[in-house]
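Visitor: In order, the protein sequences belong to chains A and B.
Note that the working numbering numbers the first sequence so that position 128 is 128, with each residue one more than the last.
Counting from 1 along the second sequence, just add 284 to a position and that's the residue number in the working numbering.
None of these hints come from the bench; they were simulated from the model.
In this text, a Cβ means the ideal position worked out from N, Cα and C, and glycines have one as well.
A hint or two may mislead.
[What the hints assert, rightly or not] In silico contact screen, one side only, chain B against chain A (beta carbon under 10 Å); selected entries:
| no. | residue |
| --- | --- |
| 1 | 298 |
| 2 | 299 |
| 3 | 300 |
| 4 | 301 |
| 5 | 302 |
| 6 | 303 |
| 7 | 306 |
| 8 | 307 |
| 9 | 309 |
| 10 | 310 |
| 11 | 311 |
| 12 | 323 |
| 13 | 324 |
| 14 | 328 |
| 15 | 361 |
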Amino acid sequence: MSETENGRRVSQSLKEYARGIAGGLLFSFPLLYTMEVWWAGFIAEPLDLLVLMVVTYLLLLGYNRFAGMHPDASWQNVFIDSVEEMGIGLLISFGVLLMLNRIELAHMSMDEIMGKVVIEAMAVSIGVSIGTAQLGASQEVKKDDRKARQENNRNSKVALSVLGLCGALVVGGNVAPTEEILMLGVEAQPGHLLMMAIFSLLQSVVVVFFSNFRGTASMSPNGLLFNMAFDTCMSYLIALAVSAFVLWFFGRFDGVSFWVGFAQVIVLGVLASLGASAGRLLIK
Amino acid sequence: MDRKQDQETANADKKNWLEWAVFGISLTLVLAILAYLGYMTYVHKPTPPDLVVEVKPDPSAHSPHRYHVLLLNKGGATAEEVLVEVALMQGGKEVEKGQLQIPFAPQDSKKEGWVAFSSKPSQADSVLTRVVSYKKP
Numbered sequence: 001m002s003e004t005e006n007g008r009r010v011s012q013s014l015k016e017y018a019r020g021i022a023g024g025l026l027f028s029f030p031l032l033y034t035m036e037v038w039w040a041g042f043i044a045e046p047l048d049l050l051v052l053m054v055v056t057y058l059l060l061l062g063y064n065r066f067a068g069m070h071p072d073a074s075w076q077n078v079f080i081d082s083v084e085e086m087g088i089g090l091l092i093s094f095g096v097l098l099m100l101n102r103i104e105l106a107h108m109s110m111d112e113i114m115g116k117v118v119i120e121a122m123a124v125s126i127g128v129s130i131g132t133a134q135l136g137a138s139q140e141v142k143k144d145d146r147k148a149r150q151e152n153n154r155n156s157k158v159a160l161s162v163l164g165l166c167g168a169l170v171v172g173g174n175v176a177p178t179e180e181i182l183m184l185g186v187e188a189q190p191g192h193l194l195m196m197a198i199f200s201l202l203q204s205v206v207v208v209f210f211s212n213f214r215g216t217a218s219m220s221p222n223g224l225l226f227n228m229a230f231d232t233c234m235s236y237l238i239a240l241a242v243s244a245f246v247l248w249f250f251g252r253f254d255g256v257s258f259w260v261g262f263a264q265v266i267v268l269g270v271l272a273s274l275g276a277s278a279g280r281l282l283i284k
Numbered sequence: 285m286d287r288k289q290d291q292e293t294a295n296a297d298k299k300n301w302l303e304w305a306v307f308g309i310s311l312t313l314v315l316a317i318l319a320y321l322g323y324m325t326y327v328h329k330p331t332p333p334d335l336v337v338e339v340k341p342d343p344s345a346h347s348p349h350r351y352h353v354l355l356l357n358k359g360g361a362t363a364e365e366v367l368v369e370v371a372l373m374q375g376g377k378e379v380e381k382g383q384l385q386i387p388f389a390p391q392d393s394k395k396e397g398w399v400a401f402s403s404k405p406s407q408a409d410s411v412l413t414r415v416v417s418y419k420k421p
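Bound conformation, chain A alone (with noise of 0.2 Å):
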């Protein structure tokens, strides 16, 4: 059998692979190391795993079509790709639990392993998407190919709208299901979230200009003021709610006023707004 009549080359998707579970343990491993996410594995209702599971898998289409490792992929590609992820997510997370003794087979009911390893996983498979096409870009297929291709394709709104989803969700979402939160957004003074939201409008906007400086330079000064506080005002908004859905996930908002809530939110929302501005660097 020629290598040609059998597509990619084994060895280059074991490559794949390789960097796929190097990056999934990369961005996953605080998450698999924090209690307050086994908690919320047996907590968590089945419906409530349902959820995380679908929204995951748009993420992962969403990232695997505009960043992935292969620009030119067909939509079915991008599927298999994305279930290929979430699988192996799924491994290493029932895996590392398993190694970390936070899953007994023995003595533990299916619901509570199910729970554990499925949020895991979740949290994992992004990662090992990011991996997959982030760490070491040695493709064979041509840069400038590829550049060409990713400046029609890629950098369009929608683009960087899913591209800053994924990296709220995975910078925000390593702190978001501890107590941290919580104390900080009960502690805070309203001057205090006032601080906490200009600071992140900063770092957006600081992170936005040296992204965009790279890409647009030939704009004129009042289109890119214009296309600096859209980006800006998205990234943000796409941060917070990310941070929104993340809290609500891990059972933040029950039984908190709404205030409480909104200065999870802001809290939060420091961290994933630098997430969800720096998603855009993420293309190369």
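With chain A held as given, fit chain B onto it using these hints.
Guide: Frame of chain A, contents of chain B only:
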């Protein structure tokens, strides 16, 4: 040249046996989990935690008056900060009391612990156990 490149791209899109195997395993896993979660969502009725305590004497060399405590949660939800009380009774009177705190008892789980008394359990005629309190996580 162009044709060769096209062919390369087409080949890059084609999957080899390893990728098909990983995809197959992943798809099976994901679908199985989705099916299980879907089934559980359909059957699941939210019920509060239902805790049962079982105790038995379990003396060791260094703590001869030790009791083994097994906490079972037979309900449909997790109980947090479970406080279990074990009391040695004699003729309807409490001789000595021990407490055990368990941070989490997920549904259908078994948690183990030990309570040690200072007086000889043989002096007591019965051991009374009670789950004092727990909260919703």
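Visitor: If you take the shortest Cβ to Cβ gap from residue 300 of chain B to chain A, is it below 10 Å?
Guide: Because about 5 Å separates residue 300 of chain B from the closest Cβ in chain A, which is inside the 10 Å limit, the hint holds.
Visitor: Does the nearest C-beta of chain A fall within a distance shorter than 10 Å of the C-beta of residue 311 of chain B?
Guide: At about 5 Å, which falls below the 10 Å cut-off, the nearest Cβ of chain A leaves the hint on residue 311 of chain B intact, so it holds.
Visitor: Verify the interface restraint on residue 328 of chain B: the C-beta must sit less than 10 Å from at least one C-beta of chain A.
Guide: With Cβ-Cβ at 6 Å, under 10 Å, it holds.
Visitor: Do the numbers back the hint for residue 303 of chain B, that is, is its least Cβ distance to chain A under 10 Å?
Guide: Nearest chain A Cβ about 5 Å off; hint holds.
Visitor: Would the hint on residue 307 of chain B be counted as holding, given a Cβ-Cβ threshold of 10 Å to chain A?
Guide: holds (5 Å)
Visitor: For the hint on residue 310 of chain B, just tell me whether its beta-carbon gets within less than 10 Å of chain A.
Guide: holds (2 Å)
Visitor: Double-check residue 323 of chain B for me: the hint is only fine if its C-beta lies closer than 10 Å to a C-beta in chain A.
Guide: holds (8 Å)
Visitor: Under the criterion of a CB-CB separation shorter than 10 Å, is residue 298 of chain B in contact with chain A as hinted?
Guide: The hint holds - residue 298 of chain B has a Cβ within 10 Å of chain A, the shortest such distance being about 3 Å.
Visitor: Let's test the interface hint: is any C-beta of chain A closer than 10 Å to that of residue 306 of chain B?
Guide: holds (5 Å)
Visitor: A closest beta-carbon separation below 10 Å is what the hint needs, so does residue 309 of chain B meet it against chain A?
Guide: Because about 6 Å separates residue 309 of chain B from the closest Cβ in chain A, which is inside the 10 Å limit, the hint holds.
Visitor: Have a go at the residue 299 of chain B hint: is there a Cβ in chain A nearer than 10 Å to its own Cβ?
Guide: Hint on residue 299 of chain B: holds, closest Cβ of chain A at ~5 Å, below 10 Å.
Visitor: Is the shortest C-beta separation between residue 324 of chain B and chain A less than 10 Å?
Guide: The hint holds - residue 324 of chain B has a Cβ within 10 Å of chain A, the shortest such distance being about 4 Å.
The structure meets every hint from the earlier list without exception.
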